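Asker: Given next are the chains, with one letter for each unit.
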Amino acid sequence: MSDAIATRPLGADVGRLDGPRKVTGAAIYAYEHPLTDPAYVFPLLSTAARGRVVGIDAAEAQRLPGVLAVLTHEPAPKLADTSNPELAVLQSPAIHFRGQIVGAVVAESLEIGAHAAALVCIEEQASEHDVVLRVDHPDVFKPDDDETDTAHGDAEAGLCPAATVDATYTTPHQHQGAMEPHTSVALWSDDTLRLYESTQSVHGVRETIAEVFGLRAEQVEVTAPFVGGGFGSKGEVHANTVLAVMAARAVPGRPVKLALTRRQVFTLGSHRTPTIQRVRLGADASGGLLAITHDVWAHTSRVQVYIDQIAAATRMMYAAPSIATTHRLAPLDVPFPSWMRAPSEAPGMYALECAIDELAVALRIDAIELRIHNDPPADPVSGKPWSSRNLVACLRQGAERFGWAGRDPAPRRRRDGRWLAGTGVAGSTYPVFHTPGSQARVEFRADGRYEVSIGAMDVGTGTWTSLAQVAAEALGVPLERVALQIGDTALPYSHVPGGSAGITSWGATLFGAARAFRDRHGDDPAPGDAVTAGAPDNPAEDAYAMHAFGAHFAEVRVDADTGEVRVPRMLGVFAIGRVVNPRTARSQLIGGMTFGLSMALHEEVVMDAALGAIVTTDLAGYHIAANADVGDIDAAWIDEIDPHVNAMGTKGIGELGIVGSAAAIANAVFHATGIRVRDLPITPDKLLRARVELSARA
Amino acid sequence: MDIDITLHVDGEPRSLSVDTRTTVLDALREQLGVTAPKKGCDHGQCGSCTCLVDGRRVTTCLSLAVAHDGAQITTAAGLGSERDLHAVQQAFVDHDGFQCGYCTPGQICSAVGMLDEARSGFASYVTADLTAGVVLDADEIRERMSGNLCRCGAYVNIVAAIGELAP
Numbered sequence: 005m006s007d008a009i010a011t012r013p014l015g016a017d018v019g020r021l022d023g024p025r026k027v028t029g030a031a032i033y034a035y036e037h038p039l040t041d042p043a044y045v046f047p048l049l050s051t052a053a054r055g056r057v058v059g060i061d062a063a064e065a066q067r068l069p070g071v072l073a074v075l076t077h078e079p080a081p082k083l084a085d086t087s088n089p090e091l092a093v094l095q096s097p098a099i100h101f102r103g104q105i106v107g108a109v110v111a112e113s114l115e116i117g118a119h120a121a122a123l124v125c126i127e128e129q130a131s132e133h134d135v136v137l138r139v140d141h142p143d144v145f146k147p148d149d150d151e152t153d154t155a156h157g158d159a160e161a162g163l164c165p166a167a168t169v170d171a172t173y174t175t176p177h178q179h180q181g182a183m184e185p186h187t188s189v190a191l192w193s194d195d196t197l198r199l200y201e202s203t204q205s206v207h208g209v210r211e212t213i214a215e216v217f218g219l220r221a222e223q224v225e226v227t228a229p230f231v232g233g234g235f236g237s238k239g240e241v242h243a244n245t246v247l248a249v250m251a252a253r254a255v256p257g258r259p260v261k262l263a264l265t266r267r268q269v270f271t272l273g274s275h276r277t278p279t280i281q282r283v284r285l286g287a288d289a290s291g292g293l294l295a296i297t298h299d300v301w302a303h304t305s306r307v308q309v310y311i312d313q314i315a316a317a318t319r320m321m322y323a324a325p326s327i328a329t330t331h332r333l334a335p336l337d338v339p340f341p342s343w344m345r346a347p348s349e350a351p352g353m354y355a356l357e358c359a360i361d362e363l364a365v366a367l368r369i370d371a372i373e374l375r376i377h378n379d380p381p382a383d384p385v386s387g388k389p390w391s392s393r394n395l396v397a398c399l400r401q402g403a404e405r406f407g408w409a410g411r412d413p414a415p416r417r418r419r420d421g422r423w424l425a426g427t428g429v430a431g432s433t434y435p436v437f438h439t440p441g442s443q444a445r446v447e448f449r450a451d452g453r454y455e456v457s458i459g460a461m462d463v464g465t466g467t468w469t470s471l472a473q474v475a476a477e478a479l480g481v482p483l484e485r486v487a488l489q490i491g492d493t494a495l496p497y498s499h500v501p502g503g504s505a506g507i508t509s510w511g512a513t514l515f516g517a518a519r520a521f522r523d524r525h526g527d528d529p530a531p532g533d534a535v536t537a538g539a540p541d542n543p544a545e546d547a548y549a550m551h552a553f554g555a556h557f558a559e560v561r562v563d564a565d566t567g568e569v570r571v572p573r574m575l576g577v578f579a580i581g582r583v584v585n586p587r588t589a590r591s592q593l594i595g596g597m598t599f600g601l602s603m604a605l606h607e608e609v610v611m612d613a614a615l616g617a618i619v620t621t622d623l624a625g626y627h628i629a630a631n632a633d634v635g636d637i638d639a640a641w642i643d644e645i646d647p648h649v650n651a652m653g654t655k656g657i658g659e660l661g662i663v664g665s666a667a668a669i670a671n672a673v674f675h676a677t678g679i680r681v682r683d684l685p686i687t688p689d690k691l692l693r694a695r696v697e698l699s700a701r702a
Numbered sequence: 024m025d026i027d028i029t030l031h032v033d034g035e036p037r038s039l040s041v042d043t044r045t046t047v048l049d050a051l052r053e054q055l056g057v058t059a060p061k062k063g064c065d066h067g068q069c070g071s072c073t074c075l076v077d078g079r080r081v082t083t084c085l086s087l088a089v090a091h092d093g094a095q096i097t098t099a100a101g102l103g104s105e106r107d108l109h110a111v112q113q114a115f116v117d118h119d120g121f122q123c124g125y126c127t128p129g130q131i132c133s134a135v136g137m138l139d140e141a142r143s144g145f146a147s148y149v150t151a152d153l154t155a156g157v158v159l160d161a162d163e164i165r166e167r168m169s170g171n172l173c174r175c176g177a178y179v180n181i182v183a184a185i186g187e188l189a190p
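Those sequence lines, one after another, are chains A and B.
Under my numbering, think of the first position of the first sequence as 5, with each following residue one higher.
Under my numbering, think of the first position of the second sequence as 24, with each following residue one higher.
None of these hints come from the bench; they were simulated from the model.
Note that this is a predicted model, so its numbers are computed, not measured.
In this text, a Cβ means the ideal position worked out from N, Cα and C, and glycines have one as well.
Check before you lean on any hint, since a few could be wrong.
[Stated by the list, open to error] Here are some of the chain B residues that sit facing chain A, going by a computed Cβ distance under 7 Å: (1) S38; (2) A59; (3) F121; (4) V179.
[Claimed, not checked] Covered by chain B, according to a simulated footprint, are these stretches of chain A (three or more residues, beta-carbon under 8 Å): (5) 222-235; (6) 593-601.
[Claimed, not checked] Restraint-style ranges between C-beta atoms, simulated for each label pair: (7) B:G56 x A:S193: 16 to 26 Å; (8) B:H31 x A:S193: 30 to 40 Å; (9) A:A487 x B:H31: 55 to 65 Å.
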């Protein structure tokens, strides 16, 4: 990179502009906006997994001093649109999962609300429930979705060559676990609703709440300058927000505050579905893939279909004449699933990248060389050229940095005291999504700065900083001359930044708005000159297959006696186009890899089948990686110029870090122990059981 | 039942009347408008609410306010200001030791308390020699900071930030 480019705003190593506010606790999250005389909402949740509410006795709660209202389905506060069963809060006595909202207390304080909630007696009539995902579930169905099943070539014919892998992998029900619980503060004044919300999309909340309550969009104002993590769980509106708005109607003129408790977040904040994945690979003796099949079973709520395209990456990751994928859903009496960081690719690539490792072992071919051998020159299914594809460069550079050369592929050969050591590799990919339709406003102010406004979000991704850098670049001014405004529906419309599309979509919008501003007002504007504009469509989107890529390397140590797995070292090398801010980009990639480590070794929502209840409803039962679980993790990227993706040349990075990282660890565990655990998380009991079985066979 | 108490918050005496069931965290956030400490779990499992109480790090969601009448409470806001950051806060900014920022005030207070514990010779689970002074290497920092969860996955940068200041 030349010096001239390096000193430009785009690509500069800038510390977070909101950093001082965050480290001093001055950044204001949803629950913390100063309000006069707020009331507190405490949700009441079902204890049956399926059935109906047949009686509510709230008399004692209502007598408690400080209780303002008790909301139940009788009489139901009427909603305008009840087509989404998740958001049809209190519209019927039906119970669809354990932990559903069946009422709420509104009180003068948190303490009174919690006390009153315990005094409300809810009588439920339970029906038979089922919360266990299995392949032979009698209600398994094929979702009505164009991409549910894909078939390219004759996969079955390709599955009988020199070498095959036929393996079934399972991933558990997982929980996003953002540190800030789902939180809403709602205030009605006249016919306008004001919401301070913990959300990944202020405009998404506005649209959904307006529909549910029968309001015009302008009647709903949503503010969220800082959000304490979302990871997909705050990408869509959930029942808690609807309840908060309902409760605010019950106490006119007063703001209400609703923060789900940590336990409530586990059932109301959404989750990643568990998966069962069968992957079959057929290859010739030199490792050339002839066929890939990937069949996926997942669960959904019995009353609503939600599907992740879990095998999506299998359709484009490696070259094979035949590639077939299927998805099936089991409708169960479980909470509503939704997005979780890399919703499809994180579980899907865990399975595919472990299967590739199994093939490498079966063929005695190096796991990196096998991947390089099958790197497709064009998208194997659509035939479209890649806008850029540098998986091979990531694998090669990663191998060199990690010290892969000379690795003995034989498992269970390296012992250091009680520790068995091993290394593993896996590929990563994520599509370059662009969500069109966003707008941005650029105004030149009297103080000589450009105010740039867009309803974008910073959920920890660094938007306050990186988007300001993009704006400065687009306007051709130093960073100090940009005043960025995000996180409010008062600003121009923006789509939900899901699928790592944040910087790519908002940035393209800012480039469009900056160009429109210069076209109209030139390089020497007068104070007050302003333009609102979006980005033109990118014609290359249809012509090219656009994806980011990466290679994960992991070193593990497994305690030979206890089965404890430690990960002293992880390295990821990525191909992500142009990097807007290396400091925050590295943090996002490392954060994704940390998520992947946690997925590989720790995380599992445990369901009690008899009660239909989540057992692990706190951060002790649902373990997410703590500091001591994480060793050295480093992330790097190759120099990649992609002229097709957008005006900046950027690809999304928020999700790439998690994709494939669990597979790299699982493959390293096999290398260390000779045991292939195909069921995440890789906990000591699974390794010990497998070892007992191995020695019984020996 | 309500009880009158005084909490010394970031150097300021604050008198208030609290429900005896009110935690220090809720008293700070809901009654005094001190929102630097965060509520992540309300179970003492995530560490987001960590403050220094009489100089020691404490999960304020598990502390009843009535039991802390007269206590000196330091939040991240009391350690430094946006224009005059505490050394630990500056190190977190320099090393990008946070992303969403929600666990961060708790991490900062925990780090300040932990550095003081190490200087005072407190051992941890991974301290090999209990008779030698504490050397805060990466493993010691990881162990001592494991009461503060970060879902964004900033641990690597948190360890680097604290390592810069470790004795």
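Asker: Indicate, hint by hint, whether the structure satisfies it.
Answerer: Consistency of the hints with the structure:
1. S38: Where the cut-off is 7 Å and the nearest Cβ of chain A is about 18 Å from S38 of chain B, the hint is violated.
2. A59: 2 Å, holds
3. F121: 6 Å, holds
4. V179: 5 Å, holds
5. 222-235: holds (count 5)
6. 593-601: With 6 residues in contact (Cβ-Cβ under 8 Å with chain B), the coverage given for the stretch 593-601 of chain A holds.
7. B:G56 x A:S193: 16 to 26 Å: 22 Å, holds
8. B:H31 x A:S193: 30 to 40 Å: At 37 Å between Cβs, range holds.
9. A:A487 x B:H31: 55 to 65 Å: At 38 Å between Cβs, range violated.
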